[in-house]
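**Q** Quick note, the sequences are listed as chains A and B, same order.
All you need for the working numbering is the position in the first sequence, starting with 1, plus 97.
All you need for the working numbering is the position in the second sequence, starting with 1, plus 4.
Hints were generated in silico from the structure; no laboratory data involved.
For every residue, glycine included, the Cβ atom is placed at its ideal position computed from N, Cα and C.
Computed list of lysine-lysine pairs in PhoX-like fashion (alpha-carbon distance at most 25 Å, straight line):
| hint | chain 1 | residue 1 | chain 2 | residue 2 |
| --- | --- | --- | --- | --- |
| 1 | A | Lys99 | B | Lys181 |
| 2 | B | Lys181 | A | Lys114 |
| 3 | B | Lys62 | A | Lys288 |
| 4 | B | Lys189 | A | Lys162 |
| 5 | B | Lys189 | A | Lys99 |
| 6 | A | Lys114 | A | Lys428 |
| 7 | B | Lys165 | B | Lys383 |
| 8 | B | Lys165 | A | Lys114 |
| 9 | A | Lys121 | B | Lys189 |
| 10 | A | Lys99 | B | Lys165 |
| 11 | A | Lys121 | B | Lys181 |
| 12 | B | Lys165 | A | Lys121 |
| 13 | B | Lys181 | A | Lys162 |
Here are some, though not all, of the chain A residues that point toward chain B, as calculated from beta-carbon distances under 10 Å:
| hint | residue |
| --- | --- |
| 14 | Asn120 |
| 15 | Asp122 |
| 16 | Val123 |
| 17 | Glu138 |
| 18 | Val142 |
Residue strings, one per chain:
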Amino acid sequence: MKAIIVGAGEVGFHIAKRLASENKDVVVIDRNPAVLQRILEHMDVQVLEGSGCSPLVLGEAGITKADMLLAVTDSDEINLMACTFANMLAPGLTKLARIRNDEYTAYGQQLAKGIGIGIIINPEVEVVRTIEHMLRAPGAVDICDLADGRIKIVGTWITSGNPMAGTSLVDLRRKAGDMQLIVAAIVRDDKVIVPTGSDEILEGDLVYFVCEDSQLQSVFSFLGNRSGKKSSVLIIGGGNIGLRLARALEKKPIHVKLMDKDPERCAVLAGELDRTVVLVGDGTDQEALLEENIGAMDVAVTMTGNEESNILASLLAKKLGTPMAITRLNKIEYMPLVRAIGLEHIVSPRLSAVNSIFKHVRKGGVLSAVAIKDGAEALEALVGPESDLVGRALKDLTFPKGVLVLCIMRADTVLIPSGFDVIQRGDRLFILSLTESIPGVERMLSRGQEQG
Amino acid sequence: MRWTIALHVTGLILLCVGLCMFLPLACGWYYDDNSVAPLFLSLCVTVLAGAFLMFSFKRPKPLVINHREGMVIVSLGWAACAFFGALPFVLGGFPSFTDAFFESVSGFTTTGASILTNIEALPKGLLFWRSLTHWLGGMGIIVLTIAILPFLGVGGMQLYKAEVPGPVADKLQPRIKDTAMSLWKVYVFFTVAQVVLLMFGGMNLFESICHAFGTMATGGFSTRNTSIAAYDSAYIDGVITFFMLVAGVNFALHFQLFRGRPLTVWRDPEFRFFAILVLVLTAVVTFSIQSSSYSSWPEALRFGSFQVASILTTTGYATADYELWLPLPQGVLLLCMFIGGCAGSTAGGIKCMRVMLLFKHSYRELFRLVHPRAVLPLKFGPKLVKEEVLTSIWGFFVLFIVLFVLSALALAAMGVDVLTSFAAVVACIGNIGPGLGEVGPVDNYAAIPTLGKWVLSFCMLLGRLEIYTVLVLFMPEFWRK
Chain A
98 MKAIIVGAGE
108 VGFHIAKRLA
118 SENKDVVVID
128 RNPAVLQRIL
138 EHMDVQVLEG
148 SGCSPLVLGE
158 AGITKADMLL
168 AVTDSDEINL
178 MACTFANMLA
188 PGLTKLARIR
198 NDEYTAYGQQ
208 LAKGIGIGII
218 INPEVEVVRT
228 IEHMLRAPGA
238 VDICDLADGR
248 IKIVGTWITS
258 GNPMAGTSLV
268 DLRRKAGDMQ
278 LIVAAIVRDD
288 KVIVPTGSDE
298 ILEGDLVYFV
308 CEDSQLQSVF
318 SFLGNRSGKK
328 SSVLIIGGGN
338 IGLRLARALE
348 KKPIHVKLMD
358 KDPERCAVLA
368 GELDRTVVLV
378 GDGTDQEALL
388 EENIGAMDVA
398 VTMTGNEESN
408 ILASLLAKKL
418 GTPMAITRLN
428 KIEYMPLVRA
438 IGLEHIVSPR
448 LSAVNSIFKH
458 VRKGGVLSAV
468 AIKDGAEALE
478 ALVGPESDLV
488 GRALKDLTFP
498 KGVLVLCIMR
508 ADTVLIPSGF
518 DVIQRGDRLF
528 ILSLTESIPG
538 VERMLSRGQE
548 QG
Chain B
5 MRWTIALHVT
15 GLILLCVGLC
25 MFLPLACGWY
35 YDDNSVAPLF
45 LSLCVTVLAG
55 AFLMFSFKRP
65 KPLVINHREG
75 MVIVSLGWAA
85 CAFFGALPFV
95 LGGFPSFTDA
105 FFESVSGFTT
115 TGASILTNIE
125 ALPKGLLFWR
135 SLTHWLGGMG
145 IIVLTIAILP
155 FLGVGGMQLY
165 KAEVPGPVAD
175 KLQPRIKDTA
185 MSLWKVYVFF
195 TVAQVVLLMF
205 GGMNLFESIC
215 HAFGTMATGG
225 FSTRNTSIAA
235 YDSAYIDGVI
245 TFFMLVAGVN
255 FALHFQLFRG
265 RPLTVWRDPE
275 FRFFAILVLV
285 LTAVVTFSIQ
295 SSSYSSWPEA
305 LRFGSFQVAS
315 ILTTTGYATA
325 DYELWLPLPQ
335 GVLLLCMFIG
345 GCAGSTAGGI
355 KCMRVMLLFK
365 HSYRELFRLV
375 HPRAVLPLKF
385 GPKLVKEEVL
395 TSIWGFFVLF
405 IVLFVLSALA
415 LAAMGVDVLT
425 SFAAVVACIG
435 NIGPGLGEVG
445 PVDNYAAIPT
455 LGKWVLSFCM
465 LLGRLEIYTV
475 LVLFMPEFWR
485 K
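One chain only, chain A, in its complex shape:
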């Protein structure tokens, strides 16, 4: 498969890296030679200096032979332009644009008809949704939807003193009883482990599990995580995401305050929002935070456009007594560091853009794909009527190494599979796979379907 990526920013970088690690042919286009140089040093892809919305450059990148165009620059207009020209040069191509402005996303159908953009990604919507999840399940540091939100994949830290530390997965299953709790992966020392029954959960692990949405709360209390109602939230930074989040939260019984440095922006925000209290102030200013009695707030969410300010504001809020701080962070390299200084809840619009793009890149009926750290992915795949998998028991299938079938959703029930379960048409399979095995899984899933 050949993919052309327009934009070598943080989003483009990580998509390129993941595609290249799966041995796909990748061409990255960007105007800035310095970021292209960085890409060349990290991965085996081809780079092209030039504007991604120039038809000449797209032609040079081999657009007519490509399977997919991913327009992921920071500018909506460049992304749209790139897709427009790609549509003229290679009409059949799958085109995907990262678009943030609501005024464009509202016209998704027209864009699809007009210039053939198949998929539009708005990472800000995803980020707001993730934050809402985190507020519901504060123990989770990573939480993503599968099966349209009916099933959740959740990452949670096993802190010291957690009753589950030292339990093997077999025992965990026994203790859980009726509760359907599937441990999907364990991240230990930054490495992803695909667990077997005999693996133990240890202190300091990041455990990813899969459960039904309705059982989320009981699973959390079972895992010994505190949970409580969050009734007051302070949002620092009134940019696009901050506004979107405030708008979503004020519909719930939550008391929302939104703080921004810029008085003019605050005036706009106050006009847009109803119940939210809009404040002018700097989130890294201790006085301003104390004035608003930050210690009594349940959650501080730092959403400014500046990484370092966000980290500082979150640390400050925690020091002043806020139990939970959610930090927006774009630089993916910072992520291991912030955990070390005590910030657990991180959201990254760029990373969620990467994730939501990925589910469209996957073949073989894959409906969604969630990255777990850098080493693995949880996939949701629909078994089509023509698939070779239909009618075969799980134990008869030879999956590549490092692959685990987590559960099967049939009609509306979730099954925890044993080796004797037979796959039926219309099943949704939830599979965990290490990154290197993903091409093998894709091949298995798409076998039979392509001919049919």
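Please arrange chain B on chain A, whose structure you already have, making use of the hints.
**A** Below, chain B alone, put in the same frame as chain A:
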């Protein structure tokens, strides 16, 4: 700098090269000459050494090679190949290890400088190995390794950059493995084409293959004492001239040609420069040798163009003793020795691209004296040349000249006459082969003192790996933790 990776990958490279010794072994076995035992023994030793390095130093997963390690691996890999490549010669009865090593380095670096006084006395298996070292070294043993081994990935790019000739290394395909593969396919295609054409001219299969190896790699080892002159055929001269020129052009352009984009080739500024250079220099040489050395125009053209192509592309085949020509054509050939072929070709020398940019840059400085306020970007075709590329080219040029002078002085200090020492050094550092004086087209390097042969071997390696890659290893800063 992690030695485990460096030694592991060096082991892999040795393994590849060791397995290549099967070809001359088969050849020696077919002709049933006394090269079978030395080749078989060398094959075993090389493969075992490679396997030993590979298995005693495990590679980490994933295999990530940084640029420092890349340079160490490439230099180490080439030195190791030259060392083990010398084994068949040592066992095959070369006078000394120095001579065998010199011959092997000369082969792998596609220089073509030989210490043999009677080439035809060598068994066919060894002659084949001599030519095969050219062919392997021409497109690059590292590029070969990358093409064969899929897991080199990102690390492969670091190795590729350290080996590929020219100031900038571009990928032809999204993945480095495919890039290496494409280059080798083009290379193999031209080699096969040349073998077929040479056989039409009456050369036998064995000699056709050996000469095609020597031509496409711009090497210059022949199987005959008198090089190509032994055949005395205008057809063969013509075929070899053509393929030498082909090998002197950037292989990325050949690749574009095969993709059906002939215009890219013609629009390439370096190709135009190279083409014009060949035409002008051939014309000058033909005119000046016509009256003095040859009786007719076609004959002067035949020998003139052959010599110009041979020296400019740094091949070093000979059909005439140019030392008997007038001073002007000899001077032109000396100029050719410095210029060399195009970047990204198998040729050596300073390379047309660098020469062009050096001239453009110098012209720009003159222009600036007239218009001090002018904004003067440097363009290569439609593309802007980055200042850092330019600085690196000036650095290369200065190092080239400094190394040339120092090595020549070193040779002179050993008692070699001045003309010979200067010509021998430029012929080795430019990977050409024949020089002037005692090392002219009809002479050989046997008479150079032992220490001098080591200096020249080092020069050949420096020239093939474009100086920087090797020289940087001698900086204390490189090894500091």
